[in-house]
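> If you want the building blocks of each chain, they are given just below.
There are 2 protein chains.
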Amino acid sequence: MHCRPMYKALIRSFITLTCFQSVRLMAATNAWSKVVLFGDSITQRSFDDGSWGASLASQLQRKCDIVCRGFSGYNTRWSKIILPQIIDKQMASDVSVVTIFFGANDAALLEKDPQQHVPLEEYEQNLQSLVDYLNSVGITNDKIIFIAPPPLDELEWEKACILKGSVLNRKNSVTGEYSRACCKVADRNKIDCIGLWTDMQQDKDWKRFFCDGLHFSEDGARFLDDKLSPLVLEKTSHLPFLYPLWDEVDAKNPESTLDNYKAAKEEL
Amino acid sequence: MHCRPMYKALIRSFITLTCFQSVRLMAATNAWSKVVLFGDSITQRSFDDGSWGASLASQLQRKCDIVCRGFSGYNTRWSKIILPQIIDKQMASDVSVVTIFFGANDAALLEKDPQQHVPLEEYEQNLQSLVDYLNSVGITNDKIIFIAPPPLDELEWEKACILKGSVLNRKNSVTGEYSRACCKVADRNKIDCIGLWTDMQQDKDWKRFFCDGLHFSEDGARFLDDKLSPLVLEKTSHLPFLYPLWDEVDAKNPESTLDNYKAAKEEL
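Chains G and S, in that order, give the protein sequences. Residues in the first sequence are numbered from 5 upward in steps of one, following this note's numbering. Residues in the second sequence are numbered from 5 upward in steps of one, following this note's numbering.
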């Protein structure tokens with residue numbers, strides 16, 4: 005960590021505010037815009053040291069909240085059941101972006117891990133159901149980002165499985181099929197999709213992206229962050245920087261600046 | 005970042021759930037419990053690489069949301085005006101912890117930085133007002149943590165000031181007075197207080213805790229995290245781990261497990 009100048013972000017925010025005077029100013033916590041990260045363990049761990057959820061939160065401070073909804077081990081069959089509890093209609097109106105990041109568990113082999121396995125065809129249908137639900141509460145496809153499952157380092161993951169008294173329960177080639185299915189559903193719905201399985205393997209040293217063959221190392225988290233951040237920043241670029249900069253506060257009568265802000269919210 | 009086994013946290017959560025069957029299960033996003041970080045730039049930057057806000061989010065995944073409400077350059081005079089907009093009565097019922105971390109700007113020298121300066125006596129009164137407001141919306145003092153301002157490395161901060169065309173506008177000894185005042189208000193209200201100004205300077209190499217004399221380096225962020233995390237974890241220890249573990253989901257009839265969860269919420 006180093007002291008990063010915040011000027012660039014601030015200037016950009018000022019321009020945004022100036023250009024979009026009518027933008028909705030959100031002051032109460034419940035009304036801060038939200039980027040929801042919905043996925044499995046790779047999402048649940050996205051606030052670990054140097055990881056991609058924390059990076060988004062850092063880049064989007066004073067603009068919106070990054071809400072982590074990662075559920076270790078979950079597949080799309082289960083995610084479909086809980087999504088309406090995760091994003092209800094009331095919350096949906098504050099959601100600027102949703103990332104959908106499932107597949108690593110769906111792709112578990114039926115004969116080795118029947119608990120998590122979801123057949124390929126059902127995986128596709130479940131992803132479509134997630135999209136249909138989000139649409140039904142007003143979250144349009146331009147606010148959705150699919151993240152397809154990453155490749156699997158079978159050798160390292162087998163070691164992790166054996167440590168847990170299990171056997172190798174996933175294959176890289178099978179995860180590849182799920183990755184392609186995910187991108188297909190995204191294409192059909194004109195949804196942005198980050199194809200990690202393909203993108204990561206273009207790096208000849210791709211196995212360094214994982215700490216146990218399946219979950220990200222810091223390099224892997226940064227790889228995703230490099231792909232994801234530009235998309236999220238673009239989709240949130242209309243959001244204002246919340247509350248005045250400190251040197252814009254009227255020090256002699258701070259209520260005039262800060263209550264104006266409050267008033268702007270109440271009018272809307 | 006390395007692959008951390010999640011077992012310890014999970015076992016703890018399981019015990020918590022077993023011991024507190026009547027605990028409120030929260031499923032909808034709006035009802036997830038919240039830890040609110042309210043402060044100035046040191047809070048605003050708390051999700052930078054390796055910083056203390058991200059660390060809390062990582063440790064409390066699946067239990068509650070860490071909501072960052074840091075406002076660079078703000079002092080207690082301004083924070084008092086905006087707090088009711090940051091935590092309204094409705095949100096307050098979901099708040100498990102609030103950290104209050106102001107003073108670095110209040111302690112700016114009147115003659116060098118009249119914009120940010122707040123007199124010592126008013127600083128104390130403002131902190132008391134923040135507590136009184138939180139109490140008025142039902143947030144009791146055991147849920148509040150004060151973080152007193154850290155020491156200032158005048159030499160490095162002077163360099164930063166000169167780079168911005170300014171002059172040295174804070175003094176370490178003056179910040180020390182604000183730190184003592186903060187701890188005094190905390191004591192009077194029986195509120196936990198982390199006395200960074202004193203604690204950090206017990207380390208003979210304390211200047212490494214800052215990247216520009218005022219804002220934290222990674223070492224400084226970790227120093228705070230080491231003090232703060234145990235307090236926050238204790239104050240959130242009653243919160244359940246949200247949603248069943250993946251191997252507890254009934255794979256043949258997942259609705260039975262996941263809808264039960266939903267039902268448990270709706271009953272309350």
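Heads up, a few of these hints could be off.
[Unchecked claim] Interface residues of chain G toward chain S, partial, derived using beta-carbon atoms under 8 Å: (1) 77; (2) 81; (3) 118.
Think of the hints as simulated: they come from the structure by calculation, not from any bench. Backbone N, C-alpha and C define an ideal beta-carbon position, used for all residues, glycine too.
> Hint by hint, say whether it matches the structure.
Checked hints:
Contact between residue 77 of chain G and chain S, as hinted, is supported at the beta carbon level, the nearest pair being about 3 Å apart and thus within 8 Å. Look at residue 81 of chain G: its Cβ gets to within about 6 Å of chain S, closer than 8 Å, so that hint holds up. For residue 118 of chain G, the interface hint holds, since its Cβ comes within 8 Å of a Cβ in chain S; the closest pair sits about 7 Å apart.
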